[in-house]
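Chemist: As a plain string of letters, each chain reads:
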Amino acid sequence: MKRFASLVLAAAIAVAMSACGNGSDSATSTQSAASTGSAPSTTASSGSSLPVLSPDNPVELSIWITTSQQAPSADNKLTKMLKDKLGVTLNYEIITPDNQDQKIGVMLAGGEYPDIIGSTDQNARLVTGGAYIPLDDYLKPEAAGALYEHVKPYWNKIAYDGGQGKHIYQIPNYNRFYGDIVGGVNYSASGFWIQKAVLADQGYPDLSNMTIEKYFKMLEDYKNKYPKIDGQDTIAFEILCAQGREWGLTNPPEYLAGAPNNGGVIVDENNVAAVFADKDVAKRYYKYLNEMNAKGMVDKESFTQTLDQYLAKLATGRVLGMYDQRWSYGNAHDALVAANKVERTYVATMPTFDGKAPYYADRDVMNINQGVGVSVSCKKPEVAIAFINTMMNEDWQKILAWGVEGEDYQKGADGKFTRNEQQRANSTDLIWRSSNRLMALTDIMPKHNGTYSDGNAYSPEDQPEEFFATLKQYDQDFLTKYNKKTWRDFNNQPPENPVYYPAWNIALPDGSDAQMADKQLKDTALQFLPKAIMASPDKFESIWSEYTTAIGKINVKSYEDAINAGIQDRIKNWATK
Amino acid sequence: MRAKTLALPKNRRNIWGTIISQRELIIMSVPLLLYKILFSYVPITGWTMAFQNFKPAIRNTFDQQWVGFDNFVKLFTGINGERFIRDIRNTLAQSILTLVVGYLGAIVLSLLLNEVKNIGFKSIIQNITYMPHFLSWIIVAGLVSSALALPSSGGIVNIVLMKLHIINEPVQFLSNPDYFWGVVAGSHLWKELGWNTIIYLAAMTAIDPALYEAAEIDGANRYHKMWNVTLPSIKPTIVILLIMSIGWILEAGFEIQYFLGNGLVIEKAETIDIFVLNYGIKMGNYSLATVAGIFKTGVSIILIAGANFIAGRLGEEKLI
Amino acid sequence: MKIGKKNLSAENVIFTTLNSTFLILLSVAMIYPMLNTLAISFNEGMDTVRGGIYLWPRIFSLQNYRVVFHMDTIYGAFMISVLKTIVIVITNLFFTSMLAYALSRREFIFRKSITVLFVMTMYFNAGLIPNYMLIRDLHMINTFTVYWLPNIISAFNLIVIRTYIRSIPESFIESAKIDGAREFRIFLQIILPLCVPTLATIALFVAVGSWNSWFDTFLYNSAKQSLSTLQYELQKLLASAMNAGNTSAGVGAAAAQSGAGNVTTPQSIRAAITIVVAVPILLVYPFLQRYFVNGLALGGVKG
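So the sequence lines, in the order shown, correspond to chains A, B and C.
According to full-length UniProt numbering, the first sequence is numbered sequentially starting from 1.
According to full-length UniProt numbering, the second sequence is numbered sequentially starting from 1.
According to full-length UniProt numbering, the third sequence is numbered sequentially starting from 1.
Just chain A, same shape as in the assembly (with noise of 0.2 angstroms):
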């Protein structure tokens, strides 16, 4: 019944294939249904151009969206726009971050998919579970040509193997750079953040050379300066450990090692990785906690509170310091700002141990293993891939980055885009946005980072003029005090990624023994560090050697080994970008 199911599902593939063929001779093949264990070639619908999509041939596609973005509303702009000028109507299905797992675990079961499929993080689970038609076919210079020339250059990167064979499956969706990279304004990744006002108030201490002592000592002086702040209670450091955001604890030692962010492992010079979680490093970060803790330095709620709870005590303005990246408490941000807070927003510092250089910024990488696909349900892959690839027209691009030009931004005479004060209070309003921008589809789709053909940036948060056109007075006064222009200058400055850089989304197999080792290590870690951490002083020893003894329990090699395969894998494959 199922093979039988499967056979109807590749006929119609393979109908639908060469139906697309637009008269040219292509010699179709199925990507057949992976149940019969091999592994058939793909040959090419050679040559064949993409349907041109026209609203007189109006079509309907089903988009898989992971995203805590909302839908568009139905009265949206951009979604009649669309439809009025390309003819597609997209029926979204979006799946909030916290729930894709498990649906993506029951829609590879289930084995039928919408037309494309937008995951983060995911991609080598959708391929290996065979959800993902291989697109290499569609990406030539003569077929999807702004596809191409986007993956052109990390073709290595990008394709992977899911037991068929390298192919490409899915485009990311982040960080491949076209032009200058000129969103070096905004920093959004890891630090350890503190409050503008504590700077300020301790006379805008040197932040170079940070270590974790000094940034503790500042956060402390003022705490005993202030201990109320606007009637509530001050609170010097805030763990973020809320759901989903666990490498708010566990991530901290690697950074303090001076080493950027490679997950759960530290690589070193000869490129061998080896997890840090229960080493001296990862050690001497939390026994600090610990004494910090016991000077009462640390939130007590840090390990119970939700993520709304953080992001609320974020918002009060009484929190002067935690370790987040920047993405992550955007919500606390703005409220304060809105609330004219603007001394209570943070800046990051970058502590490390022994002196080291510190990397918490880096080269901003494309995460490879997230991005957007076409299912083997899609019963016109042509038209799904014609509508990507049009997406990554520069028009289109500027139309989903920065809206609608004269409505939601305007072109000055030197070319530049620029917004008003209501076009940018328009774009953090929710009603708005779900009105007059398809977050949801953007969020997914590939982009076209760094700057346009014009020189504008790809958009208005990379945008320098904005940027600064935005700065508060505060604000301004501030970098003028430590004498910089933008936020980025507060961080160190990122050198040449390593070949295999970032280890991170290094794709753990389903089912495999290192994908469980990594599992068990974070659920050790997330069991013992809260303790370790709240324990009187004199416990800690004690609890840290419970915790190692878990971790020794734990088949650690399996995810060292799976890691480091990966890395020398990349190492061979990537070597020439």
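Source of the hints: derived by calculation from the structure; they are not laboratory data.
Computed from a predicted model, the values in this text were never measured in an experiment.
Each statement offered as a hint is correct.
Beta-carbon label-pair distances, calculated as ranges:
(1) F76(B) <-> P537(A): 32 to 40 angstroms
(2) T61(B) <-> K85(A): 44 to 52 angstroms
(3) V160(B) <-> I14(C): 19 to 27 angstroms
Using N, Cα and C, we set each Cβ at its ideal position, and we do this for glycine too.
Since the structure of chain A is already known, use the hints to place chains B and C on it.
Modeler: Same frame as chain A, now just chains B and C:
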């Protein structure tokens, strides 16, 4: 109280005759049985996954790799085994505590409500206590987490306890593993207490007033009446509910533990269902999830059959 | 004798006072979190994070509700939720009580076996994936049918209704039979009307369950916007409120120039969502309430 059992057709030879004479009852019930078999029993064929190294990309179930009892061994031994057994303990503890607290609470509250003579007052109290039942568990979990927070975060429980000088320092309900089972039981109690009284109050209305009058003549006071008349009268209801619940002993709920569980309390918080979600479907470990499901079913069926049997032996109400 | 009565009434007063006090305190504990949520839902989001909102909003605002009700999907989802609940309640009550009637007939020869087969289903579940496969093979993915068809009988309610029917004097049925009524007519015209109290109670059981469920939408119908339910839509909204600060580029610095008033926080959105979800089902309750006390009885068989 119940109608006497009617004489059953004992004569086996007449079975076809019986079927024909009962054809209307058969038409009313057997299609529904077939329906239930389709929706509840047929999917059990999916349990074959427990004996396979199930890979979703392989569409034909017979092409899957068969691994015998490997998945059972994987779940019950080694580091997963330790964790699974810990989670069985947590599930049992949480659900037994919830059960005991919930039962006693509901019975006591219904006895107290039964003593209220002012109908208007009684009805107001009842309606208010029913209200939490209408909220979904996700919402309740959110309410519990904010109610139990520290006073500085608006945790009302701590605020009240400190105002009443019952405690001097705020209690960290959500970060002490020893409190977690209590938090789970308390949350259930808050949500379902009022609602659970409905069934007992219903049973109490059926009590013959003559029984109370007789007790009064014998000089029974209020408490004697509760103990000697009211409680025995609702005993059949209590027993049946208890038997039913025993079969659900491995269902300790999900949302509250998922939402309130955190690293500090995980050793007491994690239940079988959460383990199965995180290590099963989410990681593509279909077989593992199935093994856990089979285990739970096995335990439930044994417990319910046992409880039913014992109840019968003790001369109490039986479920079936 | 006289003295005894006096003592009794003094004792009575004490008991009644204590009992009433306890019940009032209990009710306060039950209702406070809900009133607090109501207050927060009407309070300005940024002000809420300062804490100290108890029973009344400090800075009144409708912005939280504006955000919730701007989502145009919510109206369709509301209708689907209502429709789904109505259909489940009707089908479930009808089929469950019909079966309960058959199983209440003590002479019915399949009584025992059918009861066992149904009761068993309370205690096992084939699991997420096998159930999903069945629904898929029945072509019920992305259909309205999937909301109600798998749920037309619940074993627990079956037992409740069966118990109730058994408490109906046998003579009602006997006399109908003598009048030549068929079983189905007896069920429809005699038993069903007598069962109204218990059915009202069970209707509420079923309605609450259906109204509050979101997992069936997530699992089976997430691809079809027109079949989405209120609970599921609101859950997605909450996720997006939590991340509202993250613009698509992952950098939100240029954000929030808008000034207070337009800013909502996850906490306040959550409160508004809670109210929006809870109010409709709370409104149903008063209509069914009067049946409550005599509607429910639970019994088994004497061993």
